[in-house]
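Just so you know, the protein sequences line up as chains A and B, in that order.
Residue numbers for the first sequence follow our numbering, beginning at 1 and rising by one.
Residue numbers for the second sequence follow our numbering, beginning at 1 and rising by one.
Hints in this document: simulated from the structure, not taken from any laboratory.
Wrong hints could be hidden among the right ones.
[As the list claims (entries may be wrong)] When the alpha-carbon atoms are kept at most 25 Å apart in a straight line, the in silico PhoX-like pairs for lysine-lysine are as follows: (1) Lys54/A <-> Lys215/B; (2) Lys15/B <-> Lys202/B; (3) Lys40/A <-> Lys113/B; (4) Lys40/A <-> Lys146/B; (5) Lys54/A <-> Lys220/B.
[As the list claims (entries may be wrong)] Reference excerpt, derived from the structure (chain A facing chain B, CB under 7 Å, subset only): (6) Arg39; (7) Met43; (8) Ser46; (9) Asn48; (10) Asn50.
Positions of the beta carbon are idealized from the N, C-alpha and C atoms, including for glycine.
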Amino acid sequence: MNYLDLQDPRPIYEQITDMYRMLILKGAMKPDEPMPSVRKLAMELSTNPNTVQKAYTELEREGYIYSVKGRGNFVRDNPDLREKKRKELKDRLDAIFKEASDIGISREELLK
Amino acid sequence: MIATKNLTKSFGQTKALSDISLTVNDGEITGLVGTNGAGKSTLLRLIAGVLKPDKGSVTVDEQPAYDNPVAKREFVFVPDELYFFNNATAKDMALYYASMYENYDMEKFVRLKNAFSLRSTQRISTYSKGMKRQLAILLAVCANTKYILLDETFDGLDPVMRAAVKSLFADEMSERGLTPLISSHSLRELEDICDHVGLLHKGGLLLSESLDDMKTGLLKLQCVFSDEKDLATVKQKLDVMADERQGMLHVMTVKADRQQVAEVFSHIDTVFFEILPLTLEELFIAETEGAGYDVRKLIIQ
Numbered sequence: 001m002n003y004l005d006l007q008d009p010r011p012i013y014e015q016i017t018d019m020y021r022m023l024i025l026k027g028a029m030k031p032d033e034p035m036p037s038v039r040k041l042a043m044e045l046s047t048n049p050n051t052v053q054k055a056y057t058e059l060e061r062e063g064y065i066y067s068v069k070g071r072g073n074f075v076r077d078n079p080d081l082r083e084k085k086r087k088e089l090k091d092r093l094d095a096i097f098k099e100a101s102d103i104g105i106s107r108e109e110l111l112k
Numbered sequence: 001m002i003a004t005k006n007l008t009k010s011f012g013q014t015k016a017l018s019d020i021s022l023t024v025n026d027g028e029i030t031g032l033v034g035t036n037g038a039g040k041s042t043l044l045r046l047i048a049g050v051l052k053p054d055k056g057s058v059t060v061d062e063q064p065a066y067d068n069p070v071a072k073r074e075f076v077f078v079p080d081e082l083y084f085f086n087n088a089t090a091k092d093m094a095l096y097y098a099s100m101y102e103n104y105d106m107e108k109f110v111r112l113k114n115a116f117s118l119r120s121t122q123r124i125s126t127y128s129k130g131m132k133r134q135l136a137i138l139l140a141v142c143a144n145t146k147y148i149l150l151d152e153t154f155d156g157l158d159p160v161m162r163a164a165v166k167s168l169f170a171d172e173m174s175e176r177g178l179t180p181l182i183s184s185h186s187l188r189e190l191e192d193i194c195d196h197v198g199l200l201h202k203g204g205l206l207l208s209e210s211l212d213d214m215k216t217g218l219l220k221l222q223c224v225f226s227d228e229k230d231l232a233t234v235k236q237k238l239d240v241m242a243d244e245r246q247g248m249l250h251v252m253t254v255k256a257d258r259q260q261v262a263e264v265f266s267h268i269d270t271v272f273f274e275i276l277p278l279t280l281e282e283l284f285i286a287e288t289e290g291a292g293y294d295v296r297k298l299i300i301q
């Protein structure tokens with residue numbers, strides 16, 4: 001599953017964070033499950049360990065994972081994340097509805 | 001840390017490098033990019049202490065690099081044109097390296113050589129170009145030095161080998177803090193793995209920044225104005241480096257951060273507006289064009 005898309009315009013660290021965000025939200029990675037070590041993931045993806053570290057720092061900041069000194073990173077049990085994602089999706093949906101209504105397509109017509 | 005200060009080097013009438021001040025931080029991958037003949041190889045040779053600077057200095061962990069065995073113990077250099085002894089096999093070369101570098105890891109060499117399926121009893125002169133490059137990189141990595149300098153790093157390696165070499169670096173970096181300094185023509189490749197990039201042009205250093213800073217300093221915009229007059233406002237308020245038009249669509253490269261751009265465009269009515277990520281290739285072209293290197297102009301008259 002761990003393959004980076006080199007054609008993807010997103011920076012590598014963003015691809016890594018997105019990948020793990022989805023894995024965690026989908027439940028493919030369970031709470032307290034260990035994340036791959038920075039070294040292992042960097043080797044697997046053939047990328048710079050600093051990039052992987054940066055992705056992990058971002059995931060930790062967002063509350064997806066927690067780190068234990070000397071033992072690595074683990075998936076955090078965080079029910080807020082689902083709610084956050086729901087809000088994010090709703091905002092996107094609202095934006096689509098707004099775009100539709102701007103050009104005269106009603107909500108009902110769009111959902112048909 | 002490797003640091004060059006006001007480094008200048010000429011070959012006869014040709015000024016190869018002028019006034020280069022560059023820092024290579026420990027634990028980071030630093031990449032050198034540059035136009036052809038910009039002086040990348042000369043810079044690497046100066047850092048490796050193969051050439052003597054005309055002016056300025058090169059220090060490796062505070063030690064001068066030229067003609068100094070103490071500094072040279074800390075790095076290993078893989079030049080663009082590889083050199084192996086006549087009739088030597090991989091094993092012969094490994095033994096030679098081991099006699100030069102006191103921390104040479106022969107066990108690791110044997111393990112990696114087998115993983116890369118290079119035969120140690122076969123003469124190196126019968127290897128293909130890519131196999132020679134693989135061998136040179138393996139020999140260098142096993143020297144267990146703090147720094148590794150590579151000129152045209154991925155030259156001649158197939159995609160699988162490129163990935164393998166990058167994984168090898170990742171391993172050595174997390175394992176023992178290896179610091180690679182690499183030059184390459186493949187911008188995409190450098191973009192993916194470098195923390196810091198130095199851009200050389202005609203012997204001068206145009207840029208030396210962390211890749212993140214570089215990318216946030218320049219942005220690519222795509223927009224369609226409701227009123228074309230607004231273009232003038234944008235050009236007045238933002239430092240527009242390039243503006244290409246395809247019908248109504250403007251593709252602009254601007255020197256600004258996201259906030260500045262958002263601020264300017266919040267007062268302008270657009271049909272379509274998008275900020276796109278800038279690739280290193282586009283950055284390279286934007287920066288060197290600014291310095292008077294526009295290849296397209298040379299070709300399209």
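Evaluation of the provided hints:
Restraint check: the Cα-Cα separation between Lys54/A and Lys215/B comes to about 16 Å, which is no more than 25 Å; the hinted pair holds. Only pairs whose Cα atoms come within 25 Å are accepted, and Lys15/B paired with Lys202/B is accepted, the gap being roughly 9 Å. Of the pairs offered as hints, the one joining Lys40/A and Lys113/B holds, with about 21 Å between alpha carbons and a cut-off of 25 Å not exceeded. In summary, the hint linking Lys40/A to Lys146/B is supported, as the alpha carbons are separated by about 21 Å, within the 25 Å threshold.
Our distance criterion of 25 Å between C-alpha atoms is met by Lys54/A and Lys220/B, whose separation comes to about 24 Å. Satisfaction of the interface hint for Arg39/A is found here, the shortest Cβ-Cβ separation to chain B being roughly 4 Å, below the 7 Å cut-off. With 7 Å as the threshold, the beta carbon of Met43/A comes within range of chain B, its nearest partner Cβ sitting at about 4 Å, so the hint holds. The beta carbon of Ser46/A comes within 4 Å of a beta carbon in chain B, closer than 7 Å, and the hint placing it at the interface holds.
The beta carbon of Asn48/A comes within 5 Å of a beta carbon in chain B, closer than 7 Å, and the hint placing it at the interface holds. Because the smallest distance between the Cβ of Asn50/A and any Cβ of chain B comes to about 5 Å, under 7 Å, the interface hint for this residue holds.
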